[in-house]
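Chains as they are written, first to last, in the working numbering: chain A, 26 to 236; chain B, 14 to 723; chain C, 513 to 841.
Among these hints, one or two may not hold up.
Said to hold, decoys possible - Heads up, simulated DMTMM-like pairs for lysine to aspartate or glutamate below, C-alpha to C-alpha not over 25 Å straight-line: (1) Lys132(A) x Glu648(B); (2) Lys633(B) x Glu746(C); (3) Lys633(B) x Asp553(C); (4) Lys231(A) x Asp590(C).
Unchecked claim - Derived coverage of chain C by chain A (criterion: at least 3 residues anywhere in the stretch with Cβ under 8 Å from a Cβ of chain A; other residues may be distant): (5) 561-575; (6) 612-626; (7) 737-748.
Derived by calculation from the structure, the hints in this document are not laboratory data.
Quick caveat: nothing in here was measured; it's all calculated off a predicted structure.
We put the beta carbon where it would ideally sit given N, CA and C, even for glycine.
Spelled out from the first residue to the last, the chains are:
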Amino acid sequence: MNKERKEEHATANVSRRDFLRGGAAGAVTTGLLQRISGAPSAMSGHGVEGPGALSMKLRVNGRKHRVELEPRTTLLDALRNHLDLTGAKKVCDRGTCGSCTVLVDGKPVYSCSTLAIEAQGKDVTTVEGLGTPERMHPVQEAFVDNDAQQCGFCTPGFVVACKAFLDQNPNPTLDQINTGLGGNLCRCGTYAGIRPAVMQAAGVLKGGTNG
Amino acid sequence: MADYSWPEASKRRYIGKSVSRLDGPLKVTGVAKYSYDVNRSGMLVAKILRCPHAHARITALDTSAAESLPGVKAVRVIQGVGSEIKWELDEVATVAAETEEAAEDGVRAIQIDYEVLSHFVTEEDRASAPDQEIAREETEGDPAAAMASADVRSKGYYGIAAITHCCMESHGQVCEWEGEDKLNAWCSTQAVSGLPGQFADKLGLPTANVRVITPYMGGGFGSKFSADRWGIECAELARQENAAVKLFLERDAELAVAGDRPSAYAKIEVGAKSDGTIVAWSSETWGSGGISGSRGSPPVPYVFQVPNRKQTHHSIVINKATARAWRAPNHPQACFLTMGALEDLAAELKMDPLDLFLKNVSITGPRADTYAEELEVGAALMDWRRKWHPRGDSGRGPVKRGLGLGLHTWGGRAHQSNCEVVIFPDGNVEARLGSQDLGTGTITVVAMILAETLDLPLDAVNVRIGDSRFPASGGSGGSTTVGGVTSSTRRAAVNALEQLLERVAPSLGVSADQLEAVGGRVQVKGNPARSLSWRQAAARVGPSPMSATGSNPGPGKLSDSGVGGIQMADVSVDVETGIVKINKVVAVQDCGLIIDMKLSESQVYGSLIMGIAYALCEEKVLDPVSGKMLNPDMEFYKLPGIGDIGELVVHMMTGPEYDKRGVIGLGEPPVISTGAAIANAVANAIGVRVPYMPVTPNRVLEALERGGAA
Amino acid sequence: MRAFEYANPTSIQDAVRLLGSNEGESAVLAGGTDLLSLMKDYIVTPGRLVNIKSIDELQGVSYDSATGLSIGAVATLDELAAQDSVQTHYPALIQAIDGIRSPQIQAAGTVGGDLCQRPRCWYFRRGFGLLAQMNGKSMVADGDNRYHAILGNDGQAQFVNASSLAPALIALGAKVSIQGVSGSREVDLQDFFQTPGSQGERENVLAPNEILTRIMVPAASGTQSATYEVREKEALDWPLAAASVSLTQNGGGVGQARVVLGHVAPVPWVSEKAAMALQGKAVSRESAERAGDAAVEGARALSRNKYKIQLARVAVKRAVLRAAGMEGS
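When you get a sec, could you build the whole thing from the sequences and use the hints?
Right under this line is the structure:
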């Protein structure tokens, strides 16, 4: 995959996504998405924005981004389609499966059921912001150690949900894991690995062991 | 000739050990790019207009408003005026636009009218089905006479709903052309090497001009072997607009049209001697997989080849998209039907079903001894002998507990596979296969075989799969992959090593057959003093990398087929609410030589959870009134969560007798009998058969009302 | 979803003005956990969304031992659950929130949003309207009605109210404040909900330019309460039936009692009969069972949902026993 990325960077026409990926924090992406989707409303419109694209500021994983988005764009679509942060996945897209889970001001939310426009001024953390393959977050490391993943498509959302769960429940019981992680679904059936992974991560995060 | 056979147990460095998934760190950090995650420069997004009716004719279609919307680049009509649509959410037109939002606006702006036609979606009511045929009619021995001679006969009605694959990554792809005649397609597919031909055929290209890329994929379970109409449309849009186009199915379409497992219903009679010897079987089964009928038939009686038997199967056509292979096609249904009927027979005989199964194990065929061994292992892990009680938990209180079991079988013959192993002059080693990792661990097991064969550390080898430019490998279906890719990799690696030793031999002053690769060095056999480091040895390959290939099938017997497994379930049923909770499920499985114990166990754990899902939750609900799927979402197409699975115990059968068979696939078998074991446990708990799966509260309460011991 | 204008007012006055007076033209955005899904499926297609989460007056949860609990409409479920006072005095509420087995929904979902969420009826969600009609005829009777109403279903509406908190709040005697352009009003939460009698009617009394602003729950010292949900899954799942109960006990047995069922009728279903069955007697397994039986008197099963009558009965029984601290008896 790294290779594919390089190929993309090498293309002559710098696209919106390349620009953002390669560019500095706060890169402005004017012009590329501006589109007016409807006529101004006849209703009293003081303090009203849209429906066309407008400039939004998002703070994701500590980085500031300025993007042109319509009010209807979800935080999930903003992350995936406009910031190329594709760790959060689109699965049910209806606030049920948890694959799109990100942290907003530290709380786990379904980014498919959050508008990007509402996330302005808040701290958004995606799975990419928790750790890297070289420096994994203890939850991520525990997922690898306990094989708490198969196809891996639900995994980023689950990792984020587990991180938030452990923030709230630093000493979880199995019972708490069983009832406190009900907002995420997996199809391959990796729950058997996730349970010990959460326990392992809890131990590491408490400073008990180191792996 | 080179010796390709698997190393002896005492010499295995990786095979059979528990190795963590090598691509794990990339997946848990969100770095792994799935096809759905591919964002290309200037990429357009495509969405599909789908027919909201189960059966209709298109009477008017106008795309002009859609075409003139800002951001919309192209509209393609798939089925125009006059087309007869035969299932809900069938594709009518596609729209490509600069953004997802614009594509959706485009789809909504297409003006379309339908003449709604009559539909049929209720195949359980076979008598009303307008379109049905006998798909199977077989008789062995003399079932009528045998049934008449039986001391005990058990008759039952059983049904198991259609379920979908519900892949987390929906079906779809990103298509991008290089010039006018070369297509690159990032597909979520189970068949990287098989797809280029399908695209090429439909697009009028040489197969060699299509490159399919799938580094990671988010679940297939049998539903992702085709380029699919949406794949071809995506490619056409990309060609037309000279831009990359991403098209992935919305969740409702994923659940409604991207494949499912056919339903099955049955009237079964089974007869036995009073000592439990099963003598006769008679079954009438029917079911539907949609517009193409039932797509095969459930192989009943399952596992137990009752000597005198008669089976008929009716294939029913309904207005629903065609079923696709669903993890062990037809086996879970056959297992539920058969094991249910046999458990009911055991109840009639007042026998522990474990004893009934053991009594008749000889008619299970070549895996009989394995089943017998597995049943004993499972019984010990479940504490079956102490916990089992005759039908109907006589304890006080509304929560009744029960045990059930099921047997299953699967082939899993290794598929055709080719592997290229490249040794680079700097010592790097790479295996290349046009295979794919569905989450089963293909990447990891290939690396293990490569490292094992060259006796290198795992991090010294690199595995590249998921690209059709690599040597062709079969699609990942039917538990055929692990046998295929490990066999081809083993042969390629042995061949590569032989070549390397030939090159190195002169500098160590011996012939190649006097050399061995040990612990990251190449040495004269048994003499570490006369050796080169791997890097020094690799430098001898010369300025260009050295490459060797290996194929499966090929020389040496590295894989086999045919496994048996048993599963036992312990459930609690609240007879006041009908809610079923899983206490424990035990799986005992053989699969020949195990490569990665950790990932093998993961496969079985995952299968058990998927089995719990279809046993208790999953059901594709079609509306009799409108013909529409009523639950094309993940709220009412229910999947269990982390708290719904109870305790899971997995036991892999290992040892010389299993090892010597070679590698056998594991994807399908352990998902087959979970449902049967759970359904039987429910019957054991509440004293009455719940004849329908999923075993939901309404069905439990209805069964109790009809009569049970509880 | 359809493109829309977005407003983020900081006062209720601005919010109601921005909403306009036409049904469907605009929508109130709170947690978004239901609204955005409805919009993605084009079940609702507002041209304007008014986010009310930035309005100070709608925030917060406060408790006073004399006046009780006051909950801002945009207080989130986890915020409510975290209150010591709620944990101490309103177990029915805590148990109802615990039934929403998704930390993500608890973090984003608001109390007002829970009360105003739309039915999960799969005919409604697939575009056949609240009354589930095709060619002018209800689809429910001949269709798949396994999750539909068993009580209050003698009219055209067959869906069930989906709110998790409403049964508990009604059992606890909650009132809600509603503010519109011309002022505010207060109604019993029980009267906030209504059964639509015809196509176009809504399932609550809110006018298009009105906002539910606060929920007031009387002080509950001396009141026992509980919620019992029958759910298939431990994970996030819609209950098949639920019941909330509040009661006071004195020497002679139960004084006041309220029994409210969820997921069985187009509105949270207040069962006076069940309450009466409890009053004046000590709580026992038998009295709880009688309350359960009373709760489903007059229930009407559709072709596939007879089991829900049994579930409703059991939910009431178990909620009563749980409220009285006699669970498992």
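Which numbered hints fail: none
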